[in-house]
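Novice: Letter by letter, the chains look like this.
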Amino acid sequence: MSEAVQSPTSTARPIVGRPMIALEGVSKTYPKQTRPAVAELNLEVPEGAIVMLIGPSGCGKTTTLKMMNRLIEPTTGRILLDGEDVTDVNADQLRRRIGYVIQQVGLFPHLTVADNVAVVPRMLGWNKNRINRRVDELLHLVGLEPADFRDRYPRQLSGGQQQRVGVARGLAADPSVMLMDEPFGAIDPITRERLQDEFLDVQRQIAKTICFVTHDLSEAVKLGDRIAVLATGGRLAQYDTPSEILAHPADDFVAEFVGGGAAVRRLSLLEISRLELEEVVISSDGTPAGSHPVLAVDGAGRPVAWHHVPGSAQPPPLVTVPLSGTVYDAVDVMLDARASAVVVVDDGGQPRGALRWDALVADLRIKEPSR
Amino acid sequence: MGSFLQYLSENSTQLIFYAQQHFLLVLYSVAIATTISMTLALLLHTNQLTPPSWRRSIRVGSQETSLLLASAALTIPSLALFGLLQPLLGLGVTPSIVALTLYAIYPVLRNTVAGLSSVDPAVLEAARGVGMGPVRRMVRVQLPLAWPVVLSGIRVAVLIVISIAVVAALINGPGFGKPLQDGLARLGAVNSFNEVIVGTLGCLVVAAGYEIIFFIAQRLTTPRGLRV
Numbered sequence: 001m002s003e004a005v006q007s008p009t010s011t012a013r014p015i016v017g018r019p020m021i022a023l024e025g026v027s028k029t030y031p032k033q034t035r036p037a038v039a040e041l042n043l044e045v046p047e048g049a050i051v052m053l054i055g056p057s058g059c060g061k062t063t064t065l066k067m068m069n070r071l072i073e074p075t076t077g078r079i080l081l082d083g084e085d086v087t088d089v090n091a092d093q094l095r096r097r098i099g100y101v102i103q104q105v106g107l108f109p110h111l112t113v114a115d116n117v118a119v120v121p122r123m124l125g126w127n128k129n130r131i132n133r134r135v136d137e138l139l140h141l142v143g144l145e146p147a148d149f150r151d152r153y154p155r156q157l158s159g160g161q162q163q164r165v166g167v168a169r170g171l172a173a174d175p176s177v178m179l180m181d182e183p184f185g186a187i188d189p190i191t192r193e194r195l196q197d198e199f200l201d202v203q204r205q206i207a208k209t210i211c212f213v214t215h216d217l218s219e220a221v222k223l224g225d226r227i228a229v230l231a232t233g234g235r236l237a238q239y240d241t242p243s244e245i246l247a248h249p250a251d252d253f254v255a256e257f258v259g260g261g262a263a264v265r266r267l268s269l270l271e272i273s274r275l276e277l278e279e280v281v282i283s284s285d286g287t288p289a290g291s292h293p294v295l296a297v298d299g300a301g302r303p304v305a306w307h308h309v310p311g312s313a314q315p316p317p318l319v320t321v322p323l324s325g326t327v328y329d330a331v332d333v334m335l336d337a338r339a340s341a342v343v344v345v346d347d348g349g350q351p352r353g354a355l356r357w358d359a360l361v362a363d364l365r366i367k368e369p370s371r
Numbered sequence: 001m002g003s004f005l006q007y008l009s010e011n012s013t014q015l016i017f018y019a020q021q022h023f024l025l026v027l028y029s030v031a032i033a034t035t036i037s038m039t040l041a042l043l044l045h046t047n048q049l050t051p052p053s054w055r056r057s058i059r060v061g062s063q064e065t066s067l068l069l070a071s072a073a074l075t076i077p078s079l080a081l082f083g084l085l086q087p088l089l090g091l092g093v094t095p096s097i098v099a100l101t102l103y104a105i106y107p108v109l110r111n112t113v114a115g116l117s118s119v120d121p122a123v124l125e126a127a128r129g130v131g132m133g134p135v136r137r138m139v140r141v142q143l144p145l146a147w148p149v150v151l152s153g154i155r156v157a158v159l160i161v162i163s164i165a166v167v168a169a170l171i172n173g174p175g176f177g178k179p180l181q182d183g184l185a186r187l188g189a190v191n192s193f194n195e196v197i198v199g200t201l202g203c204l205v206v207a208a209g210y211e212i213i214f215f216i217a218q219r220l221t222t223p224r225g226l227r228v
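Protein chains in written order, with our numbering: chain H, 1 to 371; chain V, 1 to 228.
In isolation and in its complexed conformation, chain H is listed as follows:
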């Protein structure tokens, strides 16, 4: 739970980086087709940001991604990588500088995990010690113990483990840009959640510029600093932060794509630490104290039960949510326990305030951003 809530949003982590990848009027028309797969696309990916490309199938999101490392050559337009036109460099050299992770993983089945990760460093001519150190470091980073996994073969790994190796392989030569084509698409939902959380953790350490193709809106909202919604025919319908896209879809297409549940999804972007919380009164004997909820605490100051919650005759069961959580988590625990209020606690378990169902539905008071 606590990983899910640390998801960076554009508000939590402002992005002011210079554009690392820039697409300028890029179009792609496949041979023997009249309609372009991607039409006149302009897109800037800021340095250190995760940009999610999302859209219905056939909207050209994978084509767009593959044009960035020239697996597909654009028909017209320019693609700049860190200011340099990608068509000016040898395509193979270019790809060794860009991490690439695909849905089907595509590990080399005849090579060990370590050799798979070491593919790009070997081509770049690194020496053996440096490669070995790098492989161990990366396997650690993606949560695979090197001693256990170095010498295994891809067939001996689960789908989730294979994709971890895939990510490690993409990161091997420390590229500044990673391109990821639905990397978690073929993985079961529970493992996918875990991988997404770990992916965000890893990204916090490595701060790569990442372009990520997905067709899953929840994934886009959870992982993205920005979301580019592509419409059929490769038209960029909207390019904005997740909360903006959920709150203010640019047109009918985006509105329909975002669909129902946008308000609920937005809750997961709203961190409790940004809310004005309702004050709670701490009392040992349970005397009602005006309009504030009254809470009983133990010797260490941790909440044990409600004495009184205004508006309910019987005090509801006590549930807590960490201050680092999102409103989505608060709603989740309240629904789960059928409680009309939740205590927000800090890392030490001390109550910091309360959030009540009525207030949640009526209006949430958001603090002025303190960044």
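Worth flagging that the hints you see were computed from the coordinates, not collected in a lab. Computed from a predicted model, the values in this text were never measured in an experiment. Possibly wrong hints are sitting among the right ones.
Partial list, derived from the structure: chain V residues whose beta carbon lies under 10 Å from chain H [what the hints assert, rightly or not]:
1) G2
2) A127
3) G131
4) M132
5) G133
6) R136
7) W147
8) E211
9) I212
10) P223
11) R227
Cβ atoms here follow ideal geometry from the backbone N, Cα and C, with glycine treated the same way.
Please arrange chain V on chain H, whose structure you already have, making use of the hints.
Specialist: Chain V in isolation, oriented as in the chain H frame:
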């Protein structure tokens, strides 16, 4: 039975010589056929290894044509082929190797093509995505993954050629064809039946030798990741 064993011991030097001849005849022809087939299959498999002017249709067309020709060669009756090559190449070892090579091309070519096509496209896309060039992709990824299939093609070629090789005796070629045909020609005479049996069993012995070699080769050359 006793007379057969006596025949064996009396002619052991000659028989070992036949075995060596037969073994090498098969080895040379299959080796040449493998070189030809693999070169052809590798070049025609991807357009990255052929000149850019060769469009896909030409490439695939020539691949299909060579498969067709190779399979046609396999259907030529062996008696006829050895006879047909005689005016061109004369008698002895050279025409024998040429004829057997023609027979061995098809299984190797067919399996190499099939093996290369069986490699998971996702693996090849990943290879391209990490910046492997066409040659590296073929040598480091595609061929190692196709290798078990290629190897079984070579094995089939060897088995086919071992039995066809006896016909080489028609044009004075080497190997167990000699005792077999001598025996058949004078059937009923002294030792003639023993010669026929020796020719037949000799082929089996050579085949058994090759099977052992292939078993070892398969263990040694199949990448471990494909065996686990």
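Novice: Run every hint past the structure and note whether it holds.
Specialist: These are the hints, each one checked on the structure:
1. Interface hint at V:G2: violated, since its Cβ lies 54 Å from the closest Cβ of chain H, which is beyond the 10 Å cut-off.
2. A hinted interface residue such as V:A127 counts as satisfied when its beta carbon comes closer than 10 Å to some beta carbon of chain H; here the least separation is about 7 Å, so the hint holds.
3. For V:G131, the suggested interface contact is upheld, since its CB lies about 4 Å from the closest CB of chain H, less than 10 Å.
4. For the restraint placing V:M132 at the interface with chain H, the shortest Cβ-Cβ distance is roughly 7 Å, inside the 10 Å limit, so the hint holds.
5. For V:G133, the interface hint holds, since its Cβ comes within 10 Å of a Cβ in chain H; the closest pair sits about 5 Å apart.
6. Annotation: interface hint on V:R136 holds; nearest CB of chain H at approximately 8 Å, less than 10 Å.
7. Using the Cβ-Cβ criterion of 10 Å, the hint placing V:W147 at the interface with chain H is satisfied: the shortest such distance is roughly 9 Å.
8. Of the supplied interface hints, the one on V:E211 is violated, with its beta-carbon coming no nearer than about 25 Å to a beta-carbon of chain H, more than 10 Å.
9. A hinted interface residue such as V:I212 counts as satisfied when its beta carbon comes closer than 10 Å to some beta carbon of chain H; here the least separation is about 25 Å, so the hint is violated.
10. For V:P223, the interface hint holds, the least distance from its beta-carbon to any beta-carbon of chain H being 3 Å, beneath 10 Å.
11. About 9 Å separates the beta-carbon of V:R227 from the nearest beta-carbon of chain H, less than 10 Å, and the hint is met.
Checked against the numbered hints above, the structure breaks hints 1, 8, 9 and satisfies the rest.
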